[in-house]
Structure formats: C-alpha cells, structure tokens
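A.B. asks: These are the residues of each chain, in order.
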Amino acid sequence: MISSIDIQHVKSEFPIFDREIQPGSPIIYLDSAATSQKPRQVIEAITNYYEQSNANIHRGIHKLAEEATKAYESARARIGNFIGARSQREIIFTRNTTESINLVARSWGKANLQPGDTILLTEMEHHSNIVPWQQLAQEIGLNLAFVNVLDNGQIDLEDYHSLLEREPRLVGFTHMSNMLGTINPVADMTRAAHAAGAIVIVDGAQSVPHFPVNVLELDIDFLAFSAHKMCGPTGIGVLYGREELLEEMPPFLGGGDMIKRVELTEFTTNSLPYKFEAGTPAIEAGIGFGAAVEFLESVGMENIRLHEQELTAYALDRLEEVPGVRVYGPAADQKGGVMSFSFEGVHPHDVAQILDSLSIAVRAGHHCAMPLHEKFHLPATTRASFYLYTDKSEIDRLIEGLYKVKEIFN
Amino acid sequence: MISSIDIQHVKSEFPIFDREIQPGSPIIYLDSAATSQKPRQVIEAITNYYEQSNANIHRGIHKLAEEATKAYESARARIGNFIGARSQREIIFTRNTTESINLVARSWGKANLQPGDTILLTEMEHHSNIVPWQQLAQEIGLNLAFVNVLDNGQIDLEDYHSLLEREPRLVGFTHMSNMLGTINPVADMTRAAHAAGAIVIVDGAQSVPHFPVNVLELDIDFLAFSAHKMCGPTGIGVLYGREELLEEMPPFLGGGDMIKRVELTEFTTNSLPYKFEAGTPAIEAGIGFGAAVEFLESVGMENIRLHEQELTAYALDRLEEVPGVRVYGPAADQKGGVMSFSFEGVHPHDVAQILDSLSIAVRAGHHCAMPLHEKFHLPATTRASFYLYTDKSEIDRLIEGLYKVKEIFN
Amino acid sequence: MDDLYRELIIDRYKNPQLQGSMDPHDYSYEDDNPLCGDRIRIDVRVDQEGTVTEALFSGEGCAISQASADLLVESIIGKNLDEVKKLSTEHILELLGIQLGPVRIKCALLSLKVLKAGVYGLEELEEELL
Amino acid sequence: MDDLYRELIIDRYKNPQLQGSMDPHDYSYEDDNPLCGDRIRIDVRVDQEGTVTEALFSGEGCAISQASADLLVESIIGKNLDEVKKLSTEHILELLGIQLGPVRIKCALLSLKVLKAGVYGLEELEEELL
Ligand SMILES: Cc1ncc(COP(=O)(O)O)c(C=O)c1O
Ligand SMILES: Cc1ncc(COP(=O)(O)O)c(C=O)c1O
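Quick mapping for you: the protein sequence lines, in order, are chains H, R, B and U.
Numbering-wise (the numbering used here), the first sequence opens with residue 1 and increments by one.
Numbering-wise (the numbering used here), the second sequence opens with residue 1001 and increments by one.
Numbering-wise (the numbering used here), the third sequence opens with residue 2001 and increments by one.
Numbering-wise (the numbering used here), the fourth sequence opens with residue 3001 and increments by one.
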C-alpha cells in the first residue's frame, strides 16, 4: 500500500523527534490524543511573533500592534475557512474545547433553558462535555439524559432516536470518542436532533485534528475544538457558533475587548466575535494556531485521514495478536487512531511505565471518560493514539514493548 | 544619578529591540502597560519546551509528560513565591487578569452574595474590574458603589471610608491605575475594608510587574494579574486566593482536571488549585511565565521600581515643558511609569499616528478605563508607558516627536 | 508621515469647508466611535430626482475622521442617492490619498457609515463596513 | 526498567505476603485513587502498649500500589503507633527501592495514606501527603 503522506518528511518537520530519550533511542510518541507534537512552522510563527511583532492587539495604532492584530485576525479567518464557517464572526477564540463548551452552557444555556428542560448527551462523552451540563443542570434544574453506547463502542442509534422523543432542547455529542476511537455519524445525528427541535453542540476535539470537518455540510450549530491537539499551542481553542445563535446570546466573561461602551453601572457589548472574548487573548497562541492549520492544510486533511486509517487497521491487527490484550471500540473502518486496551493481569499504569522505560509514550488512566470506563467495568485502560507523524514501525515497537510487559509479569 | 539597573544589558536581552522598523530606526516601545516585550529567556523556555518536553500534563506516566508537569508546576511554585503566597495551592492559573476577576465574581460572588448586598469599587478601575461585577449585579441584584477619584488622580480616601460604612461584602480596587499611574495605598485600604467586614480583591495587573507585591504583608484576599504585562506570554494569568476562601468556593468552569470523580449525573471536585482549572491549561505559557518571573527576580523588583521612578520623574518634567501637553495623574512619587496626556488641539489618534511614523509606539484611546475618561471629560488620551527596558533617551525621542506633532498641527 | 498627514488632511481638519447643520433636511444621521470618541453628524438635502443639492457635517474627533467627513460631504454634492449608496471604502481612501491601518480606517469610515445609515438605514450596512 | 520493576515489586504483586482482612481489628481504613482505580484497605491490631501485632492489606490496582501496601504492612509489625505516625514518603521509597514520577508516586503512597488515615484521621494528613 502506498502511504498517503510522506511520513519521513512529515516527521522531520517536528523537532522533538530529534530528541533521544536514552542515547540512540528517540521518543515513540503514541499520546497524540492527549496533545499533539508541534511542527517547526508553528514554533517559528510564535518565536517570530515575539522577536518581531509582539504587541497587544485591536486598539493599537502603532506598527507592532497593527502587525500583531493582522496576524491574529488572519489566523481566525484561516481557521474559519478550515471548518467551512461562513464568516470569521462565527469563530470565537477560547482557551480550549472545555471552555468552548462551558461558554455555550453558561451563555446559550442560561438564556434559553428552563427548569425541567432536557439535555441529551451520550455515555461516551469526555468530562468536558458532561461536567458543564451537570453544573448547569444543578443551577437551573435540568434533566440530563445519556444515549447508550453499545458493546462494540458505537452509539446506540435506536436509543438516540427514542431519547429524542423527550424533545431535548440541546443535544451534545462527541464527533470522535477519545477512548474508543468511535467516529459518530454526525450528519445523521444532527439532522435527527434538528428535526426534534434541538440545538446541537459537537465536541470536535478529536475530529477536527484528524479529518475534514465542515460545519455547514454537517449542519452543526456549535463546534468546540482545541489547537493543542492539532499541531498548535495549548491555551487556545475555538467555539464555532452559527451567527444567528451567537448574536442572540448574552456575553460570557466580562472585561476589556468584549465591550463597546462602559459606564459605571452598565455596559454595552461589542460585536461578534469579540463579544465573547474578554481581556487580552492568547495572541501568540492564536497566531500559532493559524500556522498549525496552514501546516495541516499543506499535508491535506484527506491524506491525514487515509494515513491514520491505515495505521488503525494495522494496529488493531497487531494488538489482537498479543495474548491478553483487549482493544475497546469499533472495527477499523469506524474508528480513528485511538487504541484503548486492557492487558490481562497487568494494570495500565504498569503497562505505561514499562513502555516508558522503552521510550514509548502512551497514556494510562480513564482519559477523562470515567463514565465510559465505568460502563465497561474498567478502572483504567492503556491508550496508544496516533497522528500524521506516526509510522508503522512505531506500532511494531509498541507490540514488542507489550511482549516485554508480558515477560515481566509472567 | 546612577541607574539601578544596567539598562544596556537589560535591553540586549530583548530580541525585538534588534528590529529596525525603518532602516536605522529601532522601535521605541512605550506601550508596556498594554503588554510588555519578552526576553530571550522566556522565548527560549517556550521553544525548548516544544522541542524537548511537549506533552499534556498531570496524568501522564511517560517521560515527556513528567517533564512537562514538573516544569509547569515549578512555574506555579515560583510565582507563588514571588508574591509571597503561603502555598502553591493558592495559585490558580487563568487566562489573564480579566478571567481571574470573573472567577471570583462567579464563584465566590454567587456563593456568598445576596440580593441587596453592596460591592465597592473605585472610579479608576479597568473595565475588567467593573464589567464582571455589573454582570453579577444584574444577575443577583447587587448594589455597586464607586469610590471617587480626586482631580490629582488619587483615590478619595475620605469617600472610601465613608462608603465602607455601607458595609460592602466585597471591595475591589486596582493596585496601580493603568491610565493615571496612581499607586494606591493597598495596605491601608485593605485594613479598613477588613475592619468593615469585607473581602478584598486587588487588581495587580499593573503592580505585580513593576514593584514588589507581597500578599501577606498587604493582607490581600484575592490578587489578579497577567503574565503578558510582566515579560511573560499572553494566555496565562493568575488568581491568588487565600486558601480558606478558595476551599469554600464552588468550582468555576467544568471539565477535565478540575474533577476528582465523574459519574453521569454528578461529579466531585479536585483539590486546590486544580479545582478551578478546567481542561488542558496553557502549558507552555505557564512555563514561560515561570521563566519571566525568574528573569524579573534576576534583575530585582526593587531595582525595577527604582529605575521606573527615575524615568517617571524625568518624563513628567519633560512632558510638562511641551506647550499644550497635560499629563493626568498624581506627582512622580505617587505614580508608576504610565503617562496619559492630552495635547491641545490634537486628537490622541493623530498624536499616536505621527509618533508611530517616527517608530515610537504609544497607545491612544480610553485604555479600557472609559468611566475614568468620562470623569475627566476626555474622549481619549495618548499614553506612554515604561518598563525595565525603557531608557531616558527614549523619553527624549518622545518629546522630540511631540514637538513634531505640534509643528504639523500648527 | 508627510504622506500620512498630507497637507490636505490637516488643512481640512483645521479649515473644514462644509461644516454645519441644516434644518430642515431630507436625511440626517449621527453616530460615534466609542473607542476614541469620534462623533460625526451629516445632514443632506436632495431634489426631486434624488440628487444631493446640499450636505453638511458636524462633529468632533481626530483629523482623519473630520477631514474625511468634510471631503466626503463635498464629494456627494451633485450625486444621485443611488450613486451615494454605492460609495465604498476605496472612495474615502482616494479622497484622503493615504493608506490606513485597521484602527485608523475606522476613523476614516465613520463618516461613510453615518452617511449611508442616514440614506438607507443602519442594519444593511453593518455587514458591509465591518 | 529492571531497576523500576525490580523483581521484588513484581514478586510482591504476584505473591503478596500479608494480603487479607481481619475482624475484629483496632484500626481499619480504605481509600482509592479515582484517577486509576487503585484501592487499598488496611486492617491493624495493636497490643496494650500500642505496638502493632498484626496487619493485613487488601485491594486492587497496579503493581506499585499493591506491592507497596504489602511491604508497608510488613514493615509496621512490631512498631509502635507513634513510629507509624512518623513514617514518611521516604520510607515507602526505600521499601520499593526505586524512584517514581509524580503520577506513580501517588500509587506508592496510597497505602501510607490509608494507614495513617486509619491511625489518626484523614484531615491532618491531607496537607502532609499532597
Ligand atoms: C489595571 C488593569 N487591570 C486589568 C487589565 C486587564 O488585563 P488582561 O487584559 O490581561 O486581562 C489591565 C490591562 O489591560 C490593567 O491595566
Ligand atoms: C473528545 C474530547 N473532548 C474534549 C477534550 C478536552 O480538550 P481540552 O482539554 O483541550 O479542553 C478532549 C481532550 O482531552 C477530548 O479528547
């Protein structure tokens, strides 16, 4: 099979892969679902900003402020374009996916929901798409309902449709599970939710980095994602929202930038997207985010998806051959590059630590999906996750490492 | 007078000053109150993190995650130490000063305030210490009262004491005004507020970067500040809070990291400081913040203060000699390095733009202090602000620039 | 800078040609830019064919906002309202003869925004000018 | 790795020496680490002088948490409660004979936390061990 991307070239763009954890042993980084590595282009965009144009944005007349504003706002435009937004007014910069979801809960939620209203989520949500709704539910008295996840790791669509009959006001689900790797049928789910009269928020933290996502085609009302999982910096994320919804929403945090006018006892809000952005934003992170998207576009999101599909199929095959290993989630064609597994008789912490001693970085724990682990009766799992810079030889090394674990614990 | 810091050496630590805006004309950056420039040490800490240790923190067992966690948490400890906190549990990382204040309003405020309670602020607050309280006031029905600012730019302490008789539950004021440069008598004000039974939040955005601030000595309950104004990155700030207060407060945003345990319909919160930090934080920004504090400590906060006092006195003298210029705020000994002025017959935008054409960066506008500008009947002012890398020759260049403005508009 | 603060701008700022207000008028609108305190009002009279016969501005603010208002008002006299509605950002920049950054362009465009809001309502134009 | 997963740890994990529970007991406590699902219970009997005569642990979790519980319980038999209260992080690390990162150290310390909580209440010790 011919790879869809030039993996050697891609890898060489990431300075961290030059590091040798132990002499002669470069890092095998299989923890991209937690955060991705950063290509030179992103690091340089940030350094260059500090060394050439560092200034506070939006209200400055001097040259540095103008350059900084332009760089930051072009990043916003590029990101808007990347997900198919109609206008950059629909792209709100937040800290991360988590803050994006909280923003919707606190602003849209408090303005639109009444005691007794239902919010429909799924059992495979990340904590960041559960806890904000629990907080809101507690504050104003809402019902939370959760769509069942099948044993094969897929959403129980029958259950979904029957829960939609409760007429939830909002439906929230992840595009791709960060534990199971399940890729949900967003377009179908969104259509059904809209037909039932609900607004839809999609957690795109694991999808936007890994395959093409178009908010118009999928008819998404709100989409949340984080730069740090897609080759960009931490400290910046996006809430995409349909302009008509955002226009009607009250502001979120208060302070500079989100206002048009302030008097001692009242303020008027600024126009979109600034209405939701209070205080000095993460300027260099925004610029770095723009550079990350530019980098991903240069590789091509379709190519990244193909590359990861190949890796996923390969990894599933190889993992299944290790005695005692059980991988959770659907078959390769429904699944992104995330392998959460258990290892008979060995706790995930021990697996991860032995792999670490072989310079292989994986994650062990509940991956911020406690309810899902609970459901599968797992205290924790070991997770290996891939990205555009992962290659098959690294999966081979993982398998060797797992045999080593076996040896130690036998 | 012998300068307290080696200004040539300090300046050489900031790569941006090598940039020539026009050939032969390096940037004269007099906009540090908006955001500071960044020293090499900070830029390198960030680059180094990306190239060596980039990983998500807190739950990772692999080497990169351990290094990243350690770097991030040592930054927290260093910052705690820098402001004299008793424990790093009292240092909550936020996006910026604005978010820190919003956190107090939403968490402490909603848990502790009743309809009809009074919050006491001052007329010299930045929008970020006004709007969050207006939002809260609107939500739960509070009274906002504002301490008068005298014509000389100082807080009217008589008014302050008489407003304290209304028994406000919370008193919030800026340590140093970002428009007038006024340095407020925090220790006295805090003592009086506590005697009146109030909790005190201090906006340290302009003080922590410029002189020693010790939360215990000043008996501050909450202190908010931003890294980007003190040689650090944007996207990260701190809320210091007394541990007893933080312990009792409900969480702010919900999501990963701030929880100990999540079930489908309820969660329990994590311990301090994580309880208030939801989702992947701004990791490299936190590490850069630590490097910034290390840099400031190596120069010495007392030395920075002395250097800026000298600049302030010099700048006030020289500005007053320009016909038509009027500087707002108190005399040099009560004032930090912030000069907001009007220029007879010339709008601040025009002043700033002409200065920009001379490679001098100043700010023109209301500096997020509209109520204060309103009070002084000013639509806007021009502001020149200094930091440890500013030298007298730059003030001379500013004065020359102002004479040029005069010439053009005469 | 000489480029930026062309004599024309400083001259029009100090000696505006069409400053004032008219009552009655056919169209009038006022708006401000709260960020910097620029404020512009424009009054317009048209004949039966919809051709601008008289126009005046008043206001306060920076040289760019005031000079562009003066130049804009001058440029529309004799024009039909249909033409006025089509005036673009470029028209203002041509009148001023300079390039402007993102903050200053708002100063320059305030008068155009006020004029268009007066002539055909505010909503349609928010989109266009932002 | 051989260093890390010293034979002792794997051995104690697979063949714990002091696993079980006792009823009656003088002290007993159980706690878990929700992050990874490690769970430890420790039961202790003391004589009239306050010297530990018997101690057992039960629970589930990673090799480090289970082996350190087994080793800890073994190490306190014959010790006075006053000595037990003074046991520190170093004691556990010495028993295990390895260095641990910030996440794994919590696995190792869970048993110490449980023991101390059983012996003198949880509040005092939160501070100390976090
Ligand atoms: C006194 C004061 N408070 C608050 C802020 C807001 O800081 P940030 O934008 O970093 O939240 C600023 C800076 O603009 C300030 O000068
Ligand atoms: C599916 C999913 N949602 C949300 C998040 C939270 O992202 P962040 O921590 O950047 O807010 C993550 C990442 O941990 C995730 O995988």
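Everything labelled a hint here was simulated from the structure, so no lab data went into it.
By construction, the Cβ of each residue, glycine as well, lies at the ideal position given by its N, Cα and C atoms.
Please note: incorrect hints may appear among the correct ones.
To be verified - Taking lysine-lysine and the PhoX-like style, the derived pairs with C-alpha atoms no more than 20 Å apart in a straight line are:
| no. | chain 1 | residue 1 | chain 2 | residue 2 |
| --- | --- | --- | --- | --- |
| 1 | H | Lys63 | R | Lys1404 |
| 2 | H | Lys375 | R | Lys1260 |
| 3 | B | Lys2106 | B | Lys2085 |
| 4 | B | Lys2014 | R | Lys1406 |
Stated by the list, open to error - Some, not all, of what chain U presents toward chain H, calculated at C-beta under 7 Å:
| no. | residue |
| --- | --- |
| 5 | Gly3020 |
| 6 | Pro3024 |
| 7 | Tyr3027 |
| 8 | Tyr3029 |
| 9 | Gly3037 |
| 10 | Ile3076 |
| 11 | Tyr3120 |
A.B. asks: Hint by hint, say whether it matches the structure.
C.D. replies: Consistency of the hints with the structure:
1. About 19 Å separates the Cα atoms of Lys63(H) and Lys1404(R), which keeps this hinted pair within 20 Å; it holds.
2. At most 20 Å may separate the alpha-carbon atoms for a hinted pair to count; Lys375(H) and Lys1260(R) meet this at roughly 18 Å.
3. Simply put, Lys2106(B) and Lys2085(B) have alpha-carbon atoms about 18 Å apart, close enough for the 20 Å limit, and the pair holds.
4. Taking the CA atoms of Lys2014(B) and Lys1406(R), the gap is near 13 Å; set against the 20 Å cutoff, the hint holds.
5. Hint on Gly3020(U) is violated. Least Cβ distance to chain H is approximately 20 Å, over the 7 Å limit.
6. With a least beta-carbon distance of about 30 Å to chain H, the hint placing Pro3024(U) at the interface is violated under the 7 Å criterion.
7. The interface hint given for Tyr3027(U) is violated, since its Cβ lies 26 Å from the closest Cβ of chain H, which is over the 7 Å cut-off.
8. For Tyr3029(U), the suggested interface contact is broken, since its CB lies about 20 Å from the closest CB of chain H, more than 7 Å.
9. Interface hint status for Gly3037(U): upheld, as the beta-carbon distance to the closest one in chain H is roughly 2 Å, under 7 Å.
10. Interface hint status for Ile3076(U): violated, as the beta-carbon distance to the closest one in chain H is roughly 24 Å, over 7 Å.
11. Hint status for Tyr3120(U): violated, given a least beta-carbon distance of 28 Å to chain H, over 7 Å.
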